[in-house]
Amino acid sequence: MLTSKWVQLAVLAVLIAALPLLFPSGYYYRIGALIFVNALAVTGLVILVGWAGQISLGHAGFAGIGAYACALAPEHLGLHPVVAIVLGMVISAGLAALIGKPILRLKGYYLGVATLGFGILVTMVLTNERIWTGGPDGMSVAKLGLRELLRDMGVRVSGGVFWYWACGIVLLIGAWLALNLYNSATGRALRALHGSEVAASTIGIDVPRLKLQAFVISAVYASVAGSLLALQNGFITPDVAGFMHSIEIVTMAVLGGVGSVVGAILGAVILTLLPQVLTVFAEYEQLVLGAVMILVMIFLPRGLLPSIAARLKRKP
Amino acid sequence: MTLLHIEGLGINFGGLKAVDNVSFAAAAGQVTSVIGPNGAGKTTLFNMISGVYTPGSGRVALDGDNVTGIHPSQLARRGLSRTFQNLQIFQDMSVLDNALAGFHLSERGSVWGDMLSLPAARRRARDARDGAMKLLKRVRLDDLASEVAGNLSYGQLKRLEIARALGVGPRVLLLDEPAAGCNAVETEEIDTLIAELAASGIAVLLVEHDMKLVMRISHHVVVLDHGQMIAEGDPESVSQNPEVIKAYLGTEAVDNVAG
Ligand SMILES: Nc1ncnc2c1ncn2[C@@H]1O[C@H](COP(=O)(O)OP(=O)(O)O)[C@@H](O)[C@H]1O
Ligand SMILES: [Mg+2]
Numbered sequence: 001m002l003t004s005k006w007v008q009l010a011v012l013a014v015l016i017a018a019l020p021l022l023f024p025s026g027y028y029y030r031i032g033a034l035i036f037v038n039a040l041a042v043t044g045l046v047i048l049v050g051w052a053g054q055i056s057l058g059h060a061g062f063a064g065i066g067a068y069a070c071a072l073a074p075e076h077l078g079l080h081p082v083v084a085i086v087l088g089m090v091i092s093a094g095l096a097a098l099i100g101k102p103i104l105r106l107k108g109y110y111l112g113v114a115t116l117g118f119g120i121l122v123t124m125v126l127t128n129e130r131i132w133t134g135g136p137d138g139m140s141v142a143k144l145g146l147r148e149l150l151r152d153m154g155v156r157v158s159g160g161v162f163w164y165w166a167c168g169i170v171l172l173i174g175a176w177l178a179l180n181l182y183n184s185a186t187g188r189a190l191r192a193l194h195g196s197e198v199a200a201s202t203i204g205i206d207v208p209r210l211k212l213q214a215f216v217i218s219a220v221y222a223s224v225a226g227s228l229l230a231l232q233n234g235f236i237t238p239d240v241a242g243f244m245h246s247i248e249i250v251t252m253a254v255l256g257g258v259g260s261v262v263g264a265i266l267g268a269v270i271l272t273l274l275p276q277v278l279t280v281f282a283e284y285e286q287l288v289l290g291a292v293m294i295l296v297m298i299f300l301p302r303g304l305l306p307s308i309a310a311r312l313k314r315k316p
Numbered sequence: 001m002t003l004l005h006i007e008g009l010g011i012n013f014g015g016l017k018a019v020d021n022v023s024f025a026a027a028a029g030q031v032t033s034v035i036g037p038n039g040a041g042k043t044t045l046f047n048m049i050s051g052v053y054t055p056g057s058g059r060v061a062l063d064g065d066n067v068t069g070i071h072p073s074q075l076a077r078r079g080l081s082r083t084f085q086n087l088q089i090f091q092d093m094s095v096l097d098n099a100l101a102g103f104h105l106s107e108r109g110s111v112w113g114d115m116l117s118l119p120a121a122r123r124r125a126r127d128a129r130d131g132a133m134k135l136l137k138r139v140r141l142d143d144l145a146s147e148v149a150g151n152l153s154y155g156q157l158k159r160l161e162i163a164r165a166l167g168v169g170p171r172v173l174l175l176d177e178p179a180a181g182c183n184a185v186e187t188e189e190i191d192t193l194i195a196e197l198a199a200s201g202i203a204v205l206l207v208e209h210d211m212k213l214v215m216r217i218s219h220h221v222v223v224l225d226h227g228q229m230i231a232e233g234d235p236e237s238v239s240q241n242p243e244v245i246k247a248y249l250g251t252e253a254v255d256n257v258a259g
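If you're matching them up, the sequences are chains A and B in order.
Going by full-length UniProt numbering, the residue at position 99 of the first sequence is 99; the numbering climbs one at a time, nothing skipped.
Going by full-length UniProt numbering, the residue at position 249 of the second sequence is 249; the numbering climbs one at a time, nothing skipped.
Same shape as in the complex, but just chain B (with noise of 0.2 angstroms):
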């Protein structure tokens, strides 16, 4: 079941052509890839998508529903979070509240409650806290929970940062190149992670430079190149594009692609 539909999507920064006239569609349950060389316009996709830019062209459809241009609170309502290429990390606050204030939209109720610490505002506290060390465990930050964010490391951060929007319970998923930074193992673990949410329902989006982990859980792979998608279809037959094989050409990824 297609959740997400992108439809000639484009946007102009001062006469560069960062996105230009890109369509695909992403499903339930799948993991769809956006590569492409650096500066090729995959973050900039991805602003678009959840609002952070208003894009210049083009429409996003959120199960049917015209989304485009809707501010990235609005998307959240609406089950779409996402996570940052670079981090943006509540640093000054603990492990757990970050995991916590992903959890804003369930939690929240009326001001009054939150300051006269009300049963109400107590209780949703309470499941948000519950809701929250299971997202940290899952992502092996349980430990360091009472840890300031400040403090972990890049790889550590990147994980709080899917545990973050994963507290949003959404549908549609952004993930901005969540293994950069991260060793072997920690790559595996991300890579067991975004399979396994899949498998839960969620139309994962997925921005990876590392083409192996790529090829291995997509079920769909989108390729742009300055702005323009090259190419789209399954890990293999992408993998096999001579416009892709080209896009990559003296870039190290070009080795990943072939083999």
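Next comes chain A alone, as it looks inside the complex (with noise of 0.2 angstroms):
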């Protein structure tokens, strides 16, 4: 198992560093980060749907405190948007807690429907209260300022390579954190309680703690996701927590495979590639995520990686 982690933390490297090698033009870099910061979203529902087993249809309402935290904190508090990005992530923690602790007694779709009402509610802030969020028509983001450092320092990037190397970092940190948990007493504990929660409890497992930290940590890693995706487009509109990016991340944890770090990125990296590769899909974007999901459901229902995983060992 610990090979094993290092295995996989060593492939994802590879594959960051590498594969700059096979893009045609710099438009690619862009894609790149965006590639990166869904899997970082979706890594930390890997944690919760995977492990824990509790279902969140509305995460990108983190993602949405995560952006606006990078949109308002620099214009209205002058923060820098380095500490903005921590400041989304302490409120994004702070209210995950707070609505976790009643919301988690609820199971399955019971589950589904509260956070799907935190996420509306979260879109409904942002898109109502003009005055700070710019409504619908959403805001600009000031720039982090890393790019500047760089260039003074005598490091010409342009904003596409910096973005895909700093989103490919924090992914790279994401996924060596998510993996530590995995076989951790806490990660071992998760899993334990998606099995069997009597069980569970019976070995001493505070089950609702350990399914309140999943809930608070997935808000977290949402809630970075957010920030960056804010920070590298430099404007940024309500629909970053509102539903369809919610099922978005979802269906990517589901298509790669939910149990599984490597699985999600899979996800991420496909369902993010698809409505660029095959632009006749933008248009249909919705209609496809929801015949992915179907599919995936029907014919791989533990998701690609764990599927082809399977059919491999079964081969001699």
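These aren't lab readings, by the way, just hints derived from the structure by calculation.
Keep in mind it's a predicted model, so treat the numbers as computed, not measured.
Beta carbons are placed, not taken as given, at the ideal position from N, Cα and C, and that holds for glycine.
Be a bit skeptical, because a hint or two may be false.
Pairwise CB distance ranges, derived in the manner of DEER restraints [stated by the list, open to error]:
1) Val198/A to Ala120/B: 42 to 48 angstroms
2) Val198/A to Pro242/B: 53 to 59 angstroms
3) Gly201/B to Trp6/A: 26 to 32 angstroms
4) Pro208/A to Ala199/B: 36 to 42 angstroms
5) Lys134/B to Tyr110/A: 40 to 46 angstroms
6) Trp6/A to Gly150/B: 24 to 30 angstroms
7) Ser146/B to Tyr27/A: 43 to 49 angstroms
Take the two lone chains and join them into the complex the hints point to.
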């Protein structure tokens, strides 16, 4: 298991480092960065949905908080964008702890609906508080400033290239933290309560507390993803917190294999690339998402990666 | 030394008195068996003692402390763990991870330590792993440590549940039909294991249908029928009790009790 963690991280690092060699144009750095941001949010969902077995259909709400923290805090509080990212993480964690306590008592569909409600609530606030957020038209986001710092040090990189590496590194860190968690007492307890809550509690696992921890951790992942998205785009609209975005990241997780970090990243790669590569799909994105979800549920209920792994294992 | 005191314990399920006014005590280092026909209320009794159900009436005391209605995770902290008649295995986890989960209380630290894989967390994980492997060896599942639990046979899963419950380091251990579905050899092994556990000072509470096993290893037997406690005593006297023989009449166990 220990080796498997490092193998997974090494593969991920090599892919991130080598992929640019295949890029036909600078535009692809942007897509790469977008993939990494999505993969980060999906990694958080792997912890919550894949391991702890708790659904969230409103996780984009936390991405929205992270994104708007980076848009609002530098402008109104004069905070550095890096500090704004941390502020977003803290607010998301606090809010997740606050709402998680009552709603994580719910199970299955009920939890799905409650988290859905949370996501909608965040979107509504972002849309309605025009004075602060610019409403549905969105607002611009101040620059991170790191690229300018690099330029002063004599390193010139384009925005696309910078964000590719920045998001790639954050994803690697996120994956490392998640893989550490998987094989720790906490990660094992999460997977245990997913298997049987009653058995988990009889071996001393504080089930409500652990569910809440998973919810908070995954909220922070989504928040950082939202912050990175806002900063690299330089512009943000309430869509970042919207229902479609929530569904998107859940679909990515389920497609790749909701139990595995590498699977989740694979799901993010496929579903981020699909609309880009096949531009015809761009208009039918929601249709494609729905179709993918249905097909995966029918043919690969455990997700792409676990199904492929199982098939490879069966062959001698 | 009595560790566990049950006093007048009872619970109703919509008018059905599943368990009614049951009182007995279980001592450290002894096997206390609860027997009775199907539906007598044995599992329900275990569920109340282990905090899975809140008793409708009565009292459970552990080491002199009133622990009635306390949550199972709190009871585990006080040294009470159990296995389940209908298996509650973490099916998708490896055999080793199932056993490791039993060490949760001794292994857990801060979430930060776990996510950053700090040295203290790694050290605790290593200790838990050593402990889990020892327990797996004890129930002869060490060869299957990396297997997914869902692939194991019924008898193997029964033993895995015992290993997981032992990870808690219990002073009181509740075993609900540990030998059900096991062949003669496996039953023999479980028999030996239970005797060893009791000899090591654990208060073992046993529900078991295999009367030969019960009579062989129990120090004390409690008999339930329709939720009522109809007899209590050493195996010898209980097996000759006319009330007990009547309760078992018409069931296959009667031969075992009589013989
Ligand atoms: N959760 C429950 N809800 C309703 N009835 C129950 C429940 N659990 C057990 N019972 C009933 O209580 C009685 C005792 O069941 P149980 O404790 O499982 O018996 P045993 O373990 O001795 O076979 C049975 O009639 C059973 O149907
Ligand atoms: Mg039973």
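Pro208/A paired with Ala199/B, Cβ distance criterion 36 to 42 angstroms: Hint holds: Cβ distance 38 angstroms, inside 36 to 42 angstroms.
Gly201/B versus Trp6/A beta-carbon gap, inside 26 to 32 angstroms or not: Cβ of Gly201/B to Cβ of Trp6/A: about 42 angstroms, so the range 26 to 32 angstroms is violated.
Satisfaction of the hinted span 40 to 46 angstroms by the C-beta atoms belonging to Lys134/B and Tyr110/A: holds (42 angstroms)
Outcome of range test on Cβ distance (Trp6/A, Gly150/B; 24 to 30 angstroms): Given a distance of about 27 angstroms, which is inside 24 to 30 angstroms, the answer is holds.
Ser146/B paired with Tyr27/A, Cβ distance criterion 43 to 49 angstroms: The hinted range 43 to 49 angstroms holds for Ser146/B and Tyr27/A, with Cβ atoms some 45 angstroms apart.
Consistency of beta-carbon spacing, Pro242/B to Val198/A, with hint 53 to 59 angstroms: Given about 38 angstroms between the Cβ atoms, the range is violated.
42 to 48 angstroms as the expected CB spacing between Ala120/B and Val198/A, which holds or is violated: Taking Cβ atoms as reference, Val198/A and Ala120/B lie about 30 angstroms apart, which means the hint is violated.
Of the numbered hints stated above, those contradicted by the structure are hints 1, 2 and 3, listed in ascending order.
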